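*Asks:* Sequence order for the protein chains is B and P.
Every letter in the first sequence is one number past the one before it in this note's numbering, and letter 123, counting from 1, is 123.
Every letter in the second sequence is one number past the one before it in this note's numbering, and letter 36, counting from 1, is 36.
Warning: the hint list may mix true and false statements.
[Said to hold, decoys possible] Computed from the model, here is a short list of chain P residues facing chain B with C-beta under 10 Å: (1) THR4; (2) VAL5; (3) LEU312; (4) HIS342; (5) SER346.
[What the hints assert, rightly or not] Derived list of chain B stretches under chain P, where covered just means 3 residues or more per stretch with a C-beta under 8 Å from a C-beta of chain P: (6) 100 to 111; (7) 182 to 190.
These are computed hints drawn from the structure, not numbers from a lab.
Note that the coordinates shown come from a computational prediction; the quantities given were computed from them, not determined experimentally.
Virtual Cβ for every residue (Gly too), placed ideally from N, Cα, C.
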Amino acid sequence: MSVSKSTSCNGGTARVSLQGVGHGFGLDSFLFQNVDAEFRAGSVWGLRGPSGSGKSTLLSIIAGWEVPKEGHIQRSNISTIRWVFQNPLGVAQRAALDHVTLPYLAIGLSRDRSEKLALQRLFEFGLQSSAGKRFSLLSGGEAQRLMLARAVAGSPDLILVDEPTAQLDRATAATVNSVLGGLARSGAVVIVASHDEDTLDACSEVVDLMRPDIGSTSP
Amino acid sequence: MRTTVVLLEAWRNLQSGTSKGGWLSVALIMAISLVSCAELWTVSALDNRAHDYRTAGASIRVLKVEAGIDPKQCDALSGTSGILSAGAMKAVAPIHILSLPGVSTPAFETTLGFQEVLGLGTALESGVFISEPLANRWKIRHGDILESDQGPLPVAAVFPYPEDDGRDSRLANAVLLPSLGSGPSDECWADVWPSTAGFDSVIRTSQGTAQGEASASVSTLNPTLGLVFTGADEYQNRVTRYAAAISACLGFAIGLLGGARRRLEYASSLHAGVTSGDLARITLVEATIWAGAAGAVATAGVVLGAHFWAPLIADALYTQFLTIGMLSGLGAITGSLFIATHSRESRLFVYFRERS
Numbered sequence: 001m002s003v004s005k006s007t008s009c010n011g012g013t014a015r016v017s018l019q020g021v022g023h024g025f026g027l028d029s030f031l032f033q034n035v036d037a038e039f040r041a042g043s044v045w046g047l048r049g050p051s052g053s054g055k056s057t058l059l060s061i062i063a064g065w066e067v068p069k070e071g072h073i074q075r076s077n078i079s080t081i082r083w084v085f086q087n088p089l090g091v092a093q094r095a096a097l098d099h100v101t102l103p104y105l106a107i108g109l110s111r112d113r114s115e116k117l118a119l120q121r122l123f124e125f126g127l128q129s130s131a132g133k134r135f136s137l138l139s140g141g142e143a144q145r146l147m148l149a150r151a152v153a154g155s156p157d158l159i160l161v162d163e164p165t166a167q168l169d170r171a172t173a174a175t176v177n178s179v180l181g182g183l184a185r186s187g188a189v190v191i192v193a194s195h196d197e198d199t200l201d202a203c204s205e206v207v208d209l210m211r212p213d214i215g216s217t218s219p
Numbered sequence: 001m002r003t004t005v006v007l008l009e010a011w012r013n014l015q016s017g018t019s020k021g022g023w024l025s026v027a028l029i030m031a032i033s034l035v036s037c038a039e040l041w042t043v044s045a046l047d048n049r050a051h052d053y054r055t056a057g058a059s060i061r062v063l064k065v066e067a068g069i070d071p072k073q074c075d076a077l078s079g080t081s082g083i084l085s086a087g088a089m090k091a092v093a094p095i096h097i098l099s100l101p102g103v104s105t106p107a108f109e110t111t112l113g114f115q116e117v118l119g120l121g122t123a124l125e126s127g128v129f130i131s132e133p134l135a136n137r138w139k140i141r142h143g144d145i146l147e148s149d150q151g152p153l154p155v156a157a158v159f160p161y162p163e164d165d166g167r168d169s170r171l172a173n174a175v176l177l178p179s180l181g182s183g184p185s186d187e188c189w190a191d192v193w194p195s196t197a198g199f200d201s202v203i204r205t206s207q208g209t210a211q212g213e214a215s216a217s218v219s220t221l222n223p224t225l226g227l228v229f230t231g232a233d234e235y236q237n238r239v240t241r242y243a244a245a246i247s248a249c250l251g252f253a254i255g256l257l258g259g260a261r262r263r264l265e266y267a268s269s270l271h272a273g274v275t276s277g278d279l280a281r282i283t284l285v286e287a288t289i290w291a292g293a294a295g296a297v298a299t300a301g302v303v304l305g306a307h308f309w310a311p312l313i314a315d316a317l318y319t320q321f322l323t324i325g326m327l328s329g330l331g332a333i334t335g336s337l338f339i340a341t342h343s344r345e346s347r348l349f350v351y352f353r354e355r356s
């Protein structure tokens with residue numbers, strides 16, 4: 001990718017470390033326990049687990065939006081976080097290009113410069129021919145790839161992707177999985193929660209929530 | 001975010017339908033029209049009642065003191081602010097119309113001011129005045145000559161004086177003879193508007209000093225519509241006196257509803273890096289355009305409608321209509337901004353779940 005970063009603004013590499021993290025919603029019940037992992041920039045990290053195993057909750061804990069019941073989280077050089085939900089979250093009437101342009105406009109770039117950069121992101125995620133389409137007219141796969149492109153456009157330090165293919169058929173999911181690797185080149189720590197083995201195969205490292213004690217493995 | 005970018009984002013949101021500015025404008029136009037029409041209808045109803053009250057002669061105060069009224073003093077009352085016209089009259093010997101043998105017609109001598117009370121003006125030819133009902137029964141009109149036992153009496157004027165609206169009916173079947181006002185009269189009539197009993201003491205000053213009595217009662221010519229017109233109090237206490245405040249609340253609610261529908265979009269924009277200040281600026285421009293347009297269109301429509309439907313009171317309500325339009329627009333902008341400034345990136349999950 002032409003806009004990427006391997007270090008954060010203060011010069012260090014973005015990293016998230018989990019030590020003995022556990023969480024649940026009852027007094028003594030746990031969705032998961034003893035999760036130890038270190039997520040670093042430059043790789044796409046998969047988070048494996050069946051539905052209801054707490055993948056989204058762990059993402060929320062990693063983002064700092066929820067406090068774990070036990071364990072510690074250490075975030076190094078993380079200042080901006082971007083989420084990509086399982087349901088693509090866009091503005092129905094605005095064009096695909098507008099969605100990716102917005103993060104650039106937000107940091108004060110001109111519209112011309114922002115649109116040029118946004119078109120590059122769309123190209124990287126295979127959406128160059130859909131730039132002018134309204135979000136409501138995009139297919140499920142296109143919409144999800146657009147969300148990934150938008151997440152990258154903000155040059156975040158941490159990208160959290162929650163079940164990106166859960167709502168898609170296999171053929172469409174494949175188009176999304178094919179671009180997941182591109183997220184790693186953004187220079188952010190990328191964590192993808194999924195129970196889809198094809199999606200996890202597209203990740204460079206995987207943490208299994210059902211067997212957290214074994215740490216990360218290559219898929 | 002650059003100002004040109006803010007303006008263009010707002011415009012694109014409006015143009016694309018993202019802001020739902022069209023629907024919100026329609027809702028605001030309806031709210032403004034509803035509130036303005038309620039105010040117009042209320043004031044118009046009061047105005048109609050006031051018109052009916054005056055037309056029925058209920059605003060005419062009558063002081064009766066047999067042979068105790070100074071006609072000149074009574075006529076002079078019309079110089080008092082609040083008394084539109086005043087004049088005196090007294091009963092005189094009935095007149096016998098030659099074509100109606102055996103029938104005597106009551107007659108009254110009236111002053112110049114009394115002609116004004118009856119709405120006749122003062123510049124009239126010499127002759128007698130009769131009411132419209134009597135003129136219709138006798139099949140005569142202005143300019144005809146009545147042959148009477150007192151000689152020929154030219155009809156100088158026919159005045160409106162309905163018999164069936166509850167007013168004192170004596171003049172409906174009488175001949176009025178203009179006089180110069182010499183000698184005491186029996187009654188002093190004063191058209192007081194806005195109607196109030198507050199002028200009764202002034203009217204009593206028309207009594208001749210010799211017979212003057214402070215306690216002489218003053219009544220109204222037509223008591224069936226109330227002894228005084230309460231329209232002024234009803235106007236002060238009308239529900240629609242809060243129309244401007246109500247329209248501001250409705251505008252605020254419309255702005256809130258329009259904004260609430262976009263909380264997820266707002267939170268998503270914040271998550272994409274847009275600052276809350278920039279989000280507020282974009283929302284302000286959007287809301288100002290749709291609410292401003294709606295306020296202008298609705299106010300213009302209401303003013304135009306009032307001009308044709310109630311031209312007599314429309315002038316007095318233009319300021320109120322303008323206030324209603326402006327406050328509802330400001331309310332809508334405030335409501336939209338309230339949501340935009342209270343949307344939180346940290347609530348993105350919550351808004352997302354609520355949508356799902």
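*Asks:* Look at each hint and say if it fits the structure.
*Replies:* Going through the hints against the structure:
1. For THR4 (chain P), the shortest C-beta to C-beta distance to chain B is roughly 8 Å, which falls under 10 Å, so the interface hint holds.
2. Checking VAL5 (chain P) against chain B: minimum C-beta separation of about 5 Å stays under 10 Å; hint holds.
3. For LEU312 (chain P), the suggested interface contact is broken, since its CB lies about 48 Å from the closest CB of chain B, more than 10 Å.
4. The interface hint given for HIS342 (chain P) is broken, as the beta carbon of that residue sits about 18 Å from the closest beta carbon of chain B, more than 10 Å.
5. A cut of 10 Å between beta carbons decides the hint on SER346 (chain P): the least distance to chain B is about 6 Å, and the hint holds.
6. By the rule of at least three residues with a Cβ nearer than 8 Å to a Cβ of chain P, the coverage given for the segment 100 to 111 of chain B holds, with 8 such residues.
7. Coverage of the segment 182 to 190 of chain B by chain P is violated. Counting CB-CB distances below 8 Å, 0 residues qualify, and the rule asks for three or more.
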